[in-house]
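Chemist: Here is how the chains run, residue by residue.
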Amino acid sequence: MSDSASKPRPQYRNLSVPQILSYRLPLAGKSSILHRASGALLFLCLPLVIIPLFGRSVTSAESYASIQEWTSNPLCKIVLLVLIWGYLHHFCAGIRYLTLDLHVGNDKVTAQKSAGVVFGISLALTVVFGLKLFGAW
Amino acid sequence: MATHERLGTKRLVVGAHYGTLDFIVQRCTAIIMAVYTLILFFGFIFSSGMSFETWQHLFVFHVGALPVGQLLATLAFFSLAWHAWIGVRDIWMDYVTSAGLRLFLQVLTILWLVGSIVFFAKILWSL
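These protein sequence lines are chains A and B, in that order. Here our numbering is used: the first residue of the first sequence is 489, the next is one more, and so on. Here our numbering is used: the first residue of the second sequence is -11, the next is one more, and so on.
Calculated from the structure, these hints are not laboratory results. Any given hint might turn out to be false.
Covered stretches of chain A, going by a simulated chain B footprint (3 or more residues, C-beta under 8 Å) [claimed, not checked]:
(1) 589 to 599
(2) 617 to 623
DEER-style ranges, computed between Cβ atoms [as the list claims (entries may be wrong)]:
(3) A:Val570 / B:Asp78: 21 to 27 Å
(4) B:Leu(-5) / A:Ala612: 45 to 51 Å
(5) A:Arg524 / B:Cys16: 15 to 21 Å
(6) A:Gln600 / B:Val95: 35 to 41 Å
(7) A:Ser554 / B:His5: 45 to 51 Å
(8) A:Ser504 / B:Arg15: 30 to 36 Å
(9) A:Ser504 / B:Leu(-5): 21 to 27 Å
(10) A:Leu588 / B:Trp80: 22 to 28 Å
(11) B:Tyr83 / A:Trp625: 40 to 46 Å
(12) A:Glu557 / B:Trp113: 25 to 31 Å
(13) B:Gly88 / A:Glu557: 22 to 28 Å
Glycine residues also receive a C-beta, built at the ideal position from the N, C-alpha and C atoms.
Starting from the given sequences, assemble the full structure and let the hints guide the process.
Modeler: What follows is the structure, encoded as structure tokens:
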């Protein structure tokens, strides 16, 4: 007790940006931090992008059509695509957490596999919506 | 009993179980939003034409005199705001150690979300 009082323990705070970027997280860890990041992104964009866009889409046939005009700007398309990815990742990773809460697939191997499934489904759906957004079909 | 002996099932339970409530609310609101997302998605995809009319109909349809479309969207949005509050509050609690700054950010978060609710409700209920 007196030892620790006279000589404070060294603290290791590995919070510098290069250190964080050099972490090699397992797939489940990547899914987890992206779940948080996508949630924060959706929160920030809610009144700035998402609600105004919703308003245009439901108010009138003219405003509905004007969205197409708005998305003719490639920068708007990219913003929309990032938000679509954010929603899909948050959705898929969230469903994985709900199954984990029910004690389904909590062992190491299954949990890594389900994290892979989250990336597979959310990225595949992002590609599908992205192709639609960029007018591939 | 000394504090360090109150372990496991003998631990002293205090407070109003706010953490448990938040944990359950976060999951329940997630399920509500997931179900509503699927309703909107399949309601639009399997409508004839995927046009403005079918999209707007999802938010304005009535059952008798009840504005069910608007009610469902409002309930889903309340779920969203409550869910986002818990999630964003968790982020501040994890990364912001200064109590004053954290309180400021939490108040800002509430204003942001309540403002979003009003903004959304105004658009939805003037249809």
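Chemist: Next, verify each hint and record whether it holds.
Modeler: Taking the hints in turn, this is what the structure says about them:
A stretch counts as covered by a chain when three or more of its residues have a beta carbon under 8 Å from one of that chain; for the region 589 to 599 of chain A and chain B the count is 1, and the coverage is violated. Closer than 8 Å: that is the beta-carbon criterion, and the region 617 to 623 of chain A has 0 residues meeting it against chain B, so the requirement of 3 is violated. In this structure the hint that A:Val570 and B:Asp78 lie 21 to 27 Å apart at CB holds, the actual value being about 22 Å. Distance hint check for B:Leu(-5) and A:Ala612: the Cβ-Cβ separation is about 47 Å, which falls inside the suggested range of 45 to 51 Å.
A C-beta distance of roughly 20 Å is found between A:Arg524 and B:Cys16, which places it inside the suggested range of 15 to 21 Å. A beta carbon spacing of about 39 Å between A:Gln600 and B:Val95 agrees with the range 35 to 41 Å that was offered as a hint. In this structure, A:Ser554 and B:His5 meet the distance hint of 45 to 51 Å, their C-beta atoms being roughly 48 Å apart. For the pair A:Ser504 and B:Arg15, the beta carbons lie near 34 Å from each other, so the given range of 30 to 36 Å is met.
Between A:Ser504 and B:Leu(-5) the beta carbons are some 37 Å apart, a value that contradicts the proposed interval 21 to 27 Å. With their beta carbons about 24 Å apart, A:Leu588 and B:Trp80 fall inside the hinted range of 22 to 28 Å. Checked against the hint of 40 to 46 Å, the pair B:Tyr83 and A:Trp625 passes, with Cβ atoms roughly 42 Å apart. Between A:Glu557 and B:Trp113 the beta carbon distance is about 26 Å. The supplied range of 25 to 31 Å therefore holds.
Take B:Gly88 and A:Glu557: their Cβ atoms lie about 45 Å apart, and the range 22 to 28 Å is violated.
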